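Q: From just these sequences and the hints, can you work out the full model?
Listed here are the chains, written in short residue letters.
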Amino acid sequence: MKLTIEMEDRPRNLELQRLAINGIEQNGFWRGTIDGEPVVFEAHLLSPGVLSLIVGNSAYRIVQEESASDPALHVDNHRFSYSINDPRSLRFRRSHGAGAGGPKAIKAPMPGRVVRVLAQKGDEVQAHQGIVVIEAMKMQNELKSPKAGMVVEMRASPGDTVASGDVLAVID
Amino acid sequence: MTFKKILIANRGEIALRIQRACRELGIATVALYSDADRAALHVLEADEAYRLGPSPALESYLRGDLILNIARKSGAQAIHPGYGFLSENADFAQACEDAGIKFIGPSSSAMRMLGSKTRARQAADAAGMPRTPGSTKALASLDEAFAVAAQVKYPVMLKAAAGGGGKGMRAVSRREDLASAFEAAQSEAERAFGSSEVYIEKLIEQPRHVEIQIMADEHGNCVALGERECSVQRRHQKVIEEAPSAVVNEDLRHRMGEAAVRLAKSAGYTNAGTVEFLLDSHRNFYFLEMNTRLQVEHPVTELVTGFDLVHLQIRIAQGESLPFTQEDIHLRGHAIECRIYAEDPDNGFLPSPGRITRLLQPGGPGIREDCGIYEDWVVPMDYDPLLSKLIAYAPTREMAIARLSRALSEYVIGGIRTNLGLFQRILDDKDFRQAHIDTGYLDRLLTQPKTARPSHGAEQAALLAAAIFESMKSTGEQSVKTNGARAKDQDVAAHGWKALGRRDGLRA
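If you read the sequences in order, they're chains B and V. For the first sequence, counting from 1, position 156 maps to 156 in our numbering; every step adds exactly one. For the second sequence, counting from 1, position 466 maps to 638 in our numbering; every step adds exactly one.
The set of hints was computed from the structure by calculation and includes no laboratory data. Note that the structure is a prediction, hence the values are computed from the model and not measured. Treat the hints with care, as some may be off.
Stated by the list, open to error - Per the computed footprint, the stretches of chain B lying under chain V, defined by three or more beta-carbons under 8 Å from a beta-carbon of chain V, are:
{"no.": "1", "region": "4-17"}
{"no.": "2", "region": "35-47"}
{"no.": "3", "region": "59-71"}
{"no.": "4", "region": "75-85"}
{"no.": "5", "region": "120-134"}
{"no.": "6", "region": "137-144"}
Every residue gets a Cβ at the ideal spot worked out from N, C-alpha and C, and that includes glycine.
A: What follows is the structure, given as structure tokens:
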């Protein structure tokens, strides 16, 4: 397989195939390259999301978080967030789209409940003016307008449950 | 009286902690749950479980009336309130007393006397305890606030009399800032506690937060179980606690313990309680407030004293005398606790409720985990973000840090963000390792850039694993399509145990 993985803010090219000796595939053994550097390793899945990896004779426990939108791996006290480079992926669109001007969305930075709505559709607002207050785990968070303009959309109302990333209002 | 059944008016890790103690003492447990908590562990592990109401705490865990009804209905003889929720609510304690159901904690009158910060300051004066200079009554007006602040000199601290968790608190370093801070503290206190009473105390600069655990029976005996160092805080919320404190020697421990016992006795206090002090850089201590309940961080005291505080709470509530005296209490070793929260340290510590998709928990020598979560549990957005407490115990502070660090490296919580990584950073920090900590320590650490980088090997392993997981995803799809032996053979990497078994079979 050939793929590009974006990890720690840089794209890495991997080319891997199952290791075969005399034409017989070796269970769990792989060889290939990372950015052209050769590598041989052995991988075994112990339980869902838990991979035992041996590279040379260095052993690693790798734990995968199950998340389609934001995959991450835990190795040696470090959380590696990554994306497999697929032009259809959300992250790809995020980093390659969205210019500076135009309408700006106010998104929920965390899952929570809408406590107060501080502006209505059609209101003129200042940059950094509070627009919506959401609450989770006893912590309130006032979401501010990213720019001066008019509230062209207000999707939040008090009592609503919101997911992280939901668009609550649009300012233009 | 011997309790046969105890109702636990709480949730999360503390409800499980109390259930364990009850089970060890042969006492049946009654659990309560809101709609968000039907699948919570404290319900699974209880002998009986009753639905309280909708998810918001105001409609469930704070409904003292419903809780008392369930206590009556279930035949529970006592209620353990845990911490938070109704644990320091004197009206609820009073209602339990009126209903003839034992509240496992102090009497409502002792709670009234020590639970309000201003009244506790008056009690401290009466007991001859050192406290921070300032008012002992609610400020009647802004003029009075100016007068008190001028008397104790800036910087000062405005505090809510009913306060807790950092709400209704404002530090004021200049006279011109007092008026707006006074107003802000009042309105925040009104919103958080339903009381706008605020008072002023002198701000102690770079203090340590050191508290004394006390335990008092109903026969006039009261002992101090040593101190806990809780200086590692963020926004007045404790993050790491340890026992003993690296700067408290035997003499200081004795003096602080004696003062704490004096205060408790003067109020006729019973059961478990904590007297909080600030310690200045010259090791002078000042009474801060009293917490009239079991504390989140009680395990570190349990580990260094060898006593089970919840067992003791229950025995005391049953009318038994303390089974030991002050002379029998000896501290041994060192314990450190991390409070693991569902919050994102990389994103302004925003709350991170949601589904736990992956959970690997640590174990091994000297490790205790008091935990309320499991893999696939959805952490509700309605309550505080404490998931679990990880506690390490070892003969020395240095070894306890090493154990905790080792346990943290075993611990993985996936699907939601947690502050696990922050603890590693603190434990690696030179100042923490040398116990150079005060209540401003963590804020200072967080302003510094992160230095720890993953090793080259770890990054390489992560890349390879990402590719393997991706390939399993596609073979998974393929096996659905092709169906049969070939797909199975291709999927060997995904069935490690099977592959391993086969290899072993070949060897044998």
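Q: Would you say the region 35-47 of chain B counts as covered by chain V, given the rule of at least 3 residues with C-beta under 8 Å?
A: holds (count 6)
Q: At a Cβ distance under 8 Å, does chain V reach at least three residues of the region 75-85 of chain B?
A: With 8 residues close enough to chain V, the hint holds.
Q: If you look at each residue in the region 59-71 of chain B, do at least three have a Cβ nearer than 8 Å to any Cβ of chain V?
A: This one holds; 8 residues, not fewer than the three required, reach chain V with a Cβ under 8 Å.
Q: Against chain V, does the region 120-134 of chain B show at least 3 residues with beta-carbon separation below 8 Å?
A: violated (count 0)
Q: Check whether three or more residues of the region 137-144 of chain B sit with their beta carbon closer than 8 Å to a beta carbon of chain V.
A: Contact hint for the region 137-144 of chain B vs chain V: holds, 4 residues under 8 Å.
Q: Counting residues of the region 4-17 of chain B that have a beta-carbon nearer than 8 Å to any beta-carbon of chain V, does the count reach 3?
A: holds (count 6)
When held up to the earlier numbered hints, the structure conflicts with hint 5 and nothing else.
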